[in-house]
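Turn these sequences into a full structure, and let the hints guide you.
These protein sequences, in sequence, are chains A and B.
For this note's numbering, add 195 to where a residue sits in the first sequence, where the first one is 1.
For this note's numbering, add 7 to where a residue sits in the second sequence, where the first one is 1.
In short, the hints are calculated from the structure, not lab data.
All residues carry an ideal CB built from backbone N, CA and C; glycine is no exception.
According to the in silico footprint, chain A covers these stretches of chain B (three or more CB under 8 Å from chain A): (1) 170-177; (2) 333-344.
Subject to a maximum C-alpha distance of 30 Å in a straight line, what follows is the list of computed BS3-like cross-link-like pairs (lysine-lysine): (3) K482(A) <-> K253(B); (4) K482(A) <-> K24(B); (5) K278(B) <-> K330(B).
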Amino acid sequence: MSDVFTLAFLAQLIRIAVPYALAAMGGAITERSGVIDLALEAKLLFGAFAAAAFAHSTGSAYAGVAGGMMAGVAVTGVQLFCSLRLRADQVIVGVALNVIALGGTRFLLQLIYHEGANSPQVPAFGHDVVTNPIVWLAFIAAVALPFALVRTRWGLRLRAAGDRPDSLVTVGVAPSNPRIYAALVGGALTGAGGAQLTLSVGGFVADMSGGRGYIALAMVILAGWRPALAAVACAGIAFAEAFNIQLQVSDVGIPNELAQLVPYVLTLLVLAIAGGKHGKPPRSLGKL
Amino acid sequence: MGERSLVDWLRPSANLKRELEAALIAVLFAVAIGSVLMLIAGKAPGYVWSQMLIRTFSDSYWTGQLLYKATGLALTGLAVALALDAGLFNIGAEGQLTAGVLACAVIGTSLPESTPAILAIPLCLAGAAAAGGLVGGVIGVLRVTRDAHEVITSIMLNAIVAGLALYAGNTVLFKGGTTTGAPIVEGARLPQLGFGGSSASVAIVIAILAIALVWWLRSSTTIGQAWRAVGRDPDAARSVGIDVAKVRIFAMVGSGALAGIAAANFVLGHKHAFEEGLGRGTGLLGISVALLGRTHPAGVAIAALLLGFLSSGGLAVADIVPKELIEMLQGVVVLAVACAGPYVRRKAVA
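Following this line, the structure appears as C-alpha cells:
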C-alpha cells in the first residue's frame, strides 16, 4: 500500500481536486452574497467546452483558461438576469441552466466539430500540475478569498448582501450590486474549474462535469459557506477518487461500476451524518 | 435553503388565465430561442417547425412515438409536480424511474411463465412503485431529519441508482456481452397500441389513471389539502396540527412511486426487458413537464404532450437539425417558465 502515496499520487489528487475546489469556492462566495448557486454544473460544463473551443482555435492552452472563465461569467450573467432582475426562483433557474448546459454543449459540439461526444484534441497542460496556471489560481483563491471576505470592501459588502441586505440599503447601496460582483467572480472561478476538466485531459467530452457542480455545492454547505474550508472538503472527495483510481490500477477486485460511485456515496453520507445545515447559511440566501 | 422562495414562486395565483399566460409566454420564448438556434445551424426555422408538425401528425409511427414519450413524461412530471405541491423540489425522478425499471424487469422475469396478466402486471407495477418510492423516501427522510437539501441528495441518488443498476446488469442481468436482460414473461407485457409499429402501449391508460387519481387527491381529499398546505406555508400548516415532517416524507414516497411506475411504459409496454439506459432523461425532463404544467395534473398532461411532441418531433427531423438542439430547448422551457411566472404575477399586481 505504501507505494500508493507517492508524488504522482499527490499530483493526481491535485488534478482531480481543482475543478471541485474552484467550483466550491465560486459557489461559496456567490451564496455568501445571498444567491443560491445550483448552476455550478452549468458553469463547469460550459467552461469546459469553451476551454476546448478557445484552445483549439488559438492553439494555446492559456487561451483555453480565458475561454473557460468567460463562459463561467456568461452563464452567471444569464443566471443573475433571471433570478435578480426577473425574480425567478433561484433553485429552478440553476437546474434549468444545468439542463441547458447538457444539451447546449452537445449542440455546440455537433455544430462546430460535427461530433457527438468528443471535441478534437486540444493543446493542454496535461498531467503536470506545477506549470498549470489553473492549479495556481485554485491555491491563490483558497488563500485570498477568506482574506478578501473580511478585509476588502468587496468582501464586506458581499457578506452584508447575504446576511443583512437592509443594512446596505441604509448606507445607500443596492444589495444586488455586491451580489452581481460576487457571483461574477464566482462564475469566473467555476469556469476556470471547467477549463481544468478539459485542459488536464486535452479535450472536451460530453457531460464531462458529471455532477461535480452538485458535489461542490454539497461541500460548500458542509463547510458552512467558508470558501477555503469548502476547497479542503473538495480535496477530501478528490482523495477518495484518486485512491480509487489507484485501486483500479492495482486491481484489488472492487467492481469499477461501484468504485465510480464513491464520491456520490461519500457526499450523501456526509449530508446524512453532518446534516444539510452545518454552520449557518447566509440569512437572506435565496431571498430578494 | 430557498424554502421560502420556492413556496413564493409556487403560490397559486388562483387565476387560470394568469397560469395559462405564464405557460404561453414560456412556450413562445422557447420557440423563439429554438428558431434562433436553427438559424445559427443554418436552417430555416419555418421549414424545421413545419416539418416537425407534418411528420409527427401525418406519419402514424411518429404520432405513436409522441404518445410513447408523453406517457413516460406524464408520470415523471406528475411525480415532480406532487413533490413541488408539497414544497419539495424532487429532481431525483430520474433515479426513481431507474429503480422502478430495475424492479419491474426483475419481477417480470422471475415470475412463472404461466402467470396470467391480471396478476403479473399489478405485481410488476407494485414492485416499480415500491422501488421508486423507496428512493424518494430516502430523500424525504434526509430532508426532514437531517435538513439535507433534496436537490443535492436527489442528484447523488440519481448517480448511485444508475451505477447500481449498471452493476446489477453487468453482473447478473445482462445476457452475455449485451446490455439487455432476459425478457419478461408473456403475461406481464402490455399490449401495443399499433400506430405504425411505434412504441406506444396501453401504459398510456396507467398514466391517465394516475393523473385522475392525483387530481382527485389534490382537489377533493384532506390528504391533498394537507400536502398543498405544507407546500404553501409549512409554519401555518404546523399551526393547524398538520404533521409537516410526515407529510413531506409521504409526499416524497408518493412522488418516487409515480416516477417508478413510469417503468411500465418502458419495460412492460416497450422493451419487455431490463436495458442499460432505458427511459434515461425522462425523469429529468419530468421537471420541465411539472413546471410548465404549473404542477396541476391537467397542466402536467398537456405539458407532457407538448414536450413529448418536442422529443419525438426532434427525432423526426433529426436529418435536418441536430437533435441536441431540441434537448437544449427542453431546458430553455424550464428557464422561461421560471421567469414568466413571477413576471405575470407582478404585472397582475401592478
